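Number of protein chains: 2
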Amino acid sequence: MEDDSSLLAKPEAPGTTVEPEPEAVVDEEERDPESNSLNQPLLKRNRTLSTNPLALVGASVSHIESLDYEINENDLFKHDWRSRSRVQVLQYIFLKWLLAFLVGLLTGLIATLINLAIENIAGYKLLAIVGFIQEERYLSGLVFFTGVNFSLTLSAAVLCVCFAPTAAGPGIPEIKAYLNGVDTPDMFGANTLLVKIFGSIGAVSAGLDLGKEGPLVHISACIASLLAQGGPDNYRLKWRWLRYFNNDRDRRDIITCGSSSGVCAAFRAPVGGVLFALEEVATWWRSSLLWRTFFSTAVVVVVLRAFIEVCNSGKCGLFGTGGLIIFDVSDVKVSYHAMDLIPVIIIGIIGGLLGSLYNHVLHKVLRLYNLINQKGKLHKVLLALGVSLFTSVCQYCLPFLAQCRPCDPSFREPCPTNDRAGNFKQFNCPAGHYNDLATLLLTTNDDAVRNIFSSHTSSEFHHTSILIFFALYCILGLITFGIAVPSGLFLPIILMGSGYGRLLGMLMGSYTNLDQGLYAVLGAASLMSGSMRMTVSLCVIFLELTNNLLLLPITMIVLLIAKTVGDCFNPSIYDIILELKGLPFLDANPEPWMRNLTVGELADAKPPVVTLCGIEKVSRIVDVLKNTTHNAFPVVDEDVLVPGTVATGATELHGLILRAHLVQALKKKWFLTEKRRTLDWEVREKFNWVELSERELKIEQVAVTRQEMEMYVDLHPLTNTTPYTVVESMSVAKAMVLFRQVGLRHMLIVPKYQGAGVPAIVGILTRQDLRAYNILTAFPHLASHKEQGKHN
Amino acid sequence: MEDDSSLLAKPEAPGTTVEPEPEAVVDEEERDPESNSLNQPLLKRNRTLSTNPLALVGASVSHIESLDYEINENDLFKHDWRSRSRVQVLQYIFLKWLLAFLVGLLTGLIATLINLAIENIAGYKLLAIVGFIQEERYLSGLVFFTGVNFSLTLSAAVLCVCFAPTAAGPGIPEIKAYLNGVDTPDMFGANTLLVKIFGSIGAVSAGLDLGKEGPLVHISACIASLLAQGGPDNYRLKWRWLRYFNNDRDRRDIITCGSSSGVCAAFRAPVGGVLFALEEVATWWRSSLLWRTFFSTAVVVVVLRAFIEVCNSGKCGLFGTGGLIIFDVSDVKVSYHAMDLIPVIIIGIIGGLLGSLYNHVLHKVLRLYNLINQKGKLHKVLLALGVSLFTSVCQYCLPFLAQCRPCDPSFREPCPTNDRAGNFKQFNCPAGHYNDLATLLLTTNDDAVRNIFSSHTSSEFHHTSILIFFALYCILGLITFGIAVPSGLFLPIILMGSGYGRLLGMLMGSYTNLDQGLYAVLGAASLMSGSMRMTVSLCVIFLELTNNLLLLPITMIVLLIAKTVGDCFNPSIYDIILELKGLPFLDANPEPWMRNLTVGELADAKPPVVTLCGIEKVSRIVDVLKNTTHNAFPVVDEDVLVPGTVATGATELHGLILRAHLVQALKKKWFLTEKRRTLDWEVREKFNWVELSERELKIEQVAVTRQEMEMYVDLHPLTNTTPYTVVESMSVAKAMVLFRQVGLRHMLIVPKYQGAGVPAIVGILTRQDLRAYNILTAFPHLASHKEQGKHN
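If you're matching them up, the sequences are chains A and B in order. Just so you know, we're using full-length UniProt numbering here: the first sequence kicks off at 1 and counts up by one. Just so you know, we're using full-length UniProt numbering here: the second sequence kicks off at 1 and counts up by one.
Keep in mind that the hints were calculated from the coordinates and are not lab data. Treat each hint with caution, since some may be false.
Which copy? The list can't say, so a pair holds if one copy fits it or any two copies do.
Straight-line alpha carbon distances no greater than 20 Å define the calculated SDA-like cross-link-like pairs of lysine to any residue that follow [claimed, not checked]:
| id | residue 1 | residue 2 |
| --- | --- | --- |
| 1 | Lys375 | Asp567 |
| 2 | Lys78 | Asn589 |
| 3 | Lys78 | Gly600 |
| 4 | Lys686 | Leu95 |
| 5 | Lys617 | Leu672 |
| 6 | Lys78 | His781 |
| 7 | Lys375 | His456 |
| 8 | Lys375 | Ala128 |
| 9 | Lys617 | Ile576 |
| 10 | Lys626 | Gln88 |
| 11 | Lys669 | Arg706 |
As the structure is a prediction and not an experimental result, all values here were calculated from the model.
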C-alpha cells in the first residue's frame, strides 16, 4: 500500500497492474468432475503459445479491479426487478435526483469552506510579510514566510502520506479510469475525502505552485461515491432505499455528476463542468445523464452564489470581494479584426508546442520522482518539503531583483498598496512606487492570475519581470506536481500560460490592438489545450471564467490550433498519467492493426477457459475458486436435448456466473444432495438480490465440510443468462468497440462452428486482453503494422 | 412520392414505413439448393405464430432504408484498407477536416444570404406599409400587405410542393433519424437544398409565424451530405479522394457537423450548436467528432462576424445594425436574490405545462392537416395560402384595436418611429404617441422578439396588447407549422413564450425586482424546454443569444423545471413528429418489459431466416434476390471439418453478405463452373472496394443467362466475416442496447446449443424487430407489463 502513495505507483511498463481473469477450457477427458482437481495443473491445452503473457503481465501485483457495468440478468435479478412496485420505482428515481442534489449541495459547501480557509490563511500570512517588509526586517520576513509555508506543506504531506496515499495528485485520471470501468482501491473513501480537503487547504495556502481545481473534482467524486454507498466503508447507513444503488452502474452515474460538480465548483462554470465530464472524464454518456449532471452543477452554482452574497457583506474575514469568477474580464471592450488573426494563430501554435513539451518533460520528472517516492514515507515528505523551501525562497527573494516602478495616475486601481491582494504592491519600494514582480509572486496563485490577466495595464509589468515569472513557474510547474500532496494541474498551467501569453503580447507591441491582458488569457488557454487537449469544455470554462462572450471566436481558434499542434507530438497529460499509473484504460478507437487479428486467435494465446456445469459439485467449485483468480466462469450444460430437433448430446451455453455469487452460494450452503434443478421459491427463500451483490466476501472466509464437498450446487438461478458474446471470427477491433460501448467486464467467445464435439465456448475476453500493449506482447509480429496510423 | 410532400407522410400507426428485412432458416430438407426455389413458399417453419407481424407491418410502403454504420469487414475491405498508404491516410484525414471547413464556410455564407434577403424583402414591405398608414390609406395598406405576403407564401409553397416535398417542415426530425440510422429518401439532395433556401426566404419574408432556424439546420445538413458525396446525385464529382467518403459512417460524421453548423448559424451560438447536435440530434458520439463539429461552428462564427463587419458599414441595404446576436441583453444589470427564485420556479412550471399542452394540440392539428395535405398538391398550396391570409389580416388589423400610448422621455430608444424596425412604432397614432401592438405585430419575427425582450421598458406595453399578442401567436403557432413550406419551430415557440413570460412579469408587478424583459427571456426558455425538452444545449444557446452570463443560474433552473414538468405528460415535440412520420427511430433506453423476452423468442415469431451457402448456385442467388426484400443474408458453410477436433459434418457461420454485394457479383459475372474456393488475386482482379459500395444497382437491372444460372458463385471473399451476434437467450433489452450503441443494421442470432443438427444460425434482427411497437404487436401479452415505468 505504501507504494501507492506517490502519484505514480508503478514505474514499470504500462499494463502492469492487472486484474487477473483468464480461463481454461475443460478438455474432453476432464469433463468428469471427480477426476478434475484444480490442484493439478489445469492449463494443458495451449495450442499456439507456450507462455500466457496476457494473463501473466503483472498478475496480482495490485488490487485494481474491473467494474461490472453490465446488468447481470440472472433469475434473482429478474425476480427482484419484476417485483419492484411502482412506488419502489418512484423511490429509485427520486433517490437518484436527491443524490444529484446532495452532491451539488455538499460540493458547493465544501468548495466554499476550502476557499474561505485558503484565502484567510494565505491572507494573514501575506499581511504579516507586508509588516516585516515595512519594518525593513527582510531576513525575518524570509524566515517567517519560509517557516509558515514549510509547516503548511509538512502538515499536508504528512496527512497525505500517512492517512490516504491516494489523495496525492489531482485524482482526475483515476476518476477517468473509474468511469471507464477500472476501480482503483481506496480512491473514493472517507479518509481520502478528508485528507484531500485539508491537504488541499494546506498545500494551496503554502503557496506551492498547484491549484485546488483538480482536488475539488476528486473531492466531489468522493462525496458522490460515499453518498451512493450510504457512508464510509465501516459505518454504512443501512437505509433500505439505498439498496437500489448497490451496483456499479448507478455509482458510475453519480460519480459522473460528482466530477462535473467539482469542475463547476472550481471555476464556477456550470456548463463547462458538464462538458468537462463529457469530453474528458466520462466513457459512457446518456442523454439523461447530461440532464442530471446539469442539475448538480446548477445546485453548486446556486450555493456558491449564496455564499458570495454573504461574503460581500464582509463576514468572511479576508475573503473580500474576490468572488469565484476569478478572472473576470467582462469590462474589456474586445475589438478585433482580420489582422488580429495572425497573433492569435501564433499563440495557438506556440501554446501547442509548449504544452506538448511540458507533457514530455513532466513525464520524465514524474518517473524520476517515482524512484524517490518509492523509497518510503520519509523520502516523500522530504521531497515535498524541499520543493516548498525552493518555492518560498524564490517567491520571496526574486522580487528584490525587480526595479521599483513609479505609479501612473492612469492606473485604475490604487497604487501602491500594502494590502494582501491588489495589483500594485509596494513591497520594498519607496512611496509612490510599486514592485511589479512582488505583485505576481508574493500573493496567492489566484490573485497572481488575476493580476497578470488584468487589462488596461500595458505598462504595468517590465518584460524582465514577466520573463522571471514565466521561467520560475515553468520550473515550479514541473517539480511541484509529483510531490505527495493534493495538487491540481489547471492552475500551474494557467500561470505558465498567462506568463508566456503576456510576454508575447509585449513582443507584438504595436502590431496588434489586442489588450495585453487578453494575450495572457489566450496564452493560458493555448497552454491548457496544448497540454490537456480539451477543446469545447475548455472553451466554455474560459468563457464562464472570463465572463466575456466576445472572446469566444478567438478562444476557439486558439484552442483548436493548440490541440492540433500538441497532438502531433504526444498524448494528453491525463493519458500520460494514466499510462504511468498502469491503469488499464480502454481507448475509444481501436488500433488499426486490430483488424488483422480475430478474437479466436486471441483466445488461443490465452490459457484455456474454466467452465462450470449447470449443476456442479461443491468440491469442484471450491477448487476453481481457490486455484484461479478469475472473476467469472461460463456455465455450460451438457447432454441436453435441443427442442425442435433430433439432436441429442448437445451442450448448452447457459451463461456466466460471477465469483462473488459462487462464494455466496457456498456461504449460504446452497447445497443439494442429488443432481437436480431447483425451483424458483427455493432460490428466493435462500437468496435476495441485494445480499448477492455484496462483493467483499472471500472464498477463504467460507468453510465447507468434507461431507458437503460431495454435494451439488444448482448454478442456474445464479447465472447471468444474457452475457454479451462474439463469434470467434470477430476481429479484435470490432470486439473492442462492443466491449467499450456496452461497458463490459467479460465477453464470451462462441465458436463459429456448429456440430457434435465442438466446445460450447471458445474463450473469454476481459479488459486486459483487449489492451493494445498486451496484445502486442503476445503477437509481436503485429507491431510491424503498428506504424500505420489510425485513420478514424 | 406525392404523399411524402406534406410534413406528415403517414398518419397511420407508428412503425408503418418499414424496411422489410427478415429471413428464413433453412430447414433440413431444404438444404439441397437444387430443390429449393424461392418461388415456392419458403416460410414453412414457423413455430409459434401463424402470421409474421414483424415483417408485415407496413412492408414496402415506403423507401425508407436503414444505413450501414457497421464496418463491413470482408476480404476486399481488408485488402483495400491494408493497401492504403500513409499518404492516403493523410489524404483522408485532411479531407475530413477540409469538408468540416467547407460545411462551416458554406453554411455561414448561405445563412448570410438568407438573412440579407429576408431583412431586405420584409424591410421594404414594412416601409411601404408605413407609407400607406401615414397617408391614412388603411385599406390599400391592408390589400398591399396581404397581397405581398400572399404572393411570397405562394412562391414558397409552390416551390416546396412541386420541386422538393421533403423541404417542408423543419427537417430536424429527419436528420435525427438519419443519425440514428434511418435514411429518408430525397432528404439531403440538391433540390431540397435549393427549395429550402428560397422557400425559407419566401416564407419568413411573408411574415408567417415560422423561423429560419430549423430550415438552416436542414440546409447545413444538405450541404454536408452533398459535399461528402461529391455533388448532386446526377452530377457527382469523380474525385478520387472522395472515394473514402463513400460510406454511411463518414457521411454520418459530416452531417453531424452540418447540423451543429446550422444551429450555430441560426443563433450565432457555436457552443450551443455543438451541444444541440450532441443532446438532441446525434445518436452516436465520439470525442473526435466533438472536436470536428466545434471546428465547423468556429468557421461559421468567423464568417458571420466578417459579414456583420461588412454590413455595419452600411452595404447591406436595410439590414442595418441588427447583427446576428438577435436578442442581446448584455446591458441588463441582472441582480436577483433568494426571493426571486419563486417567480423563476413559477415560470418553469407554467412553461412546462404550456409546452406539453402545445405538443399535445400540435399533434392533433398535424393529424388534421395531414388529411388535407394528402388530397393533393392544390390542397397543400391552398392550405398554406389560407394560413398566410389569416396571419396577414390579423397582423395588420389587430393593432388598430390597441390604444395609442404617449411616448415617455425616459425611453432610451427614439419614440415614436416610422422606421422599419424600432421599438415604438407610430403606426396610426398621433405625433408623440406610439402603438404598442404594431410594435409587436407589424414587424419581422426577429424584431418582434427583440422588442418584447427589450429591458428597461416596463411601461411600454399595455397588458391587453401582450395578451392579444400571446393569444394570436398561440393560434398561429399551431396552424402554421404543418403547412407545406420550410418552417422552423424555434421562433414560434420563442414568440409564444416571450409573450407569456412578459405577461407573467406584469402580473408579478412589484413582487419582484427582475426586469420584464428578463421575464420574457425566461418565458421563452421555459416554453422551449417544455416543448423540445432540451436542457444544456438550450441553456447555452440562450446564453449566447442573450450575451449575459449572469442569467445562467436562473435559466438553468427554469429549463430543468420546465423539462421535468413537460416530461410528465408527453414526449418532446421532435419525438412526436418522428412517430407521426413513422420513422423507425430507436430509443436510447429499452422498455422495461423487454427484459422478459429473449431474442430467440423474437426470432421464432418471424419468418425463418434465408441463408446462403459459401459457394452458392447462381440460380438460387437470383431466386433469393428476386423473391425476398432482405438486405443481407447469412452465409453458412456446410460439411466442414473443425480444426483441432474430431467433429465432422459441422456447419460454419461464415458471415453476412449484403444484397448490394450479391447484385454486384451477378453483374460482374463472378461465376465459377465448378464448386471451388477462389483465390485472393481473382477477387481483386474482378472487384474493387469502391465499386462494391455502390448501392443503386437493382437486381432487375442484371441479366443472367440460362447457362450461367447453373454456375456457382464463391461468396466467401464478399462476405462480412465479422457481423455482430447475440446468443438466442439474450434478452431483447440488452440486444437493443448493443444494436444501438454499436450502430448496427443487422444482428445475427446464434443458437445457445452446440451439437449435431443444430442450425448454425437462429435468426437475424433488424431495426424494425427491436421497435417496441412492433414487438408488442407480435407479443400482446407483454403490453400488460408496459405499465411499469422505465427506471433508468
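TODO: List in ascending order the numbers of the hints, as given earlier, that are violated by the structure.
DONE: 1, 4, 7, 8, 9, 10
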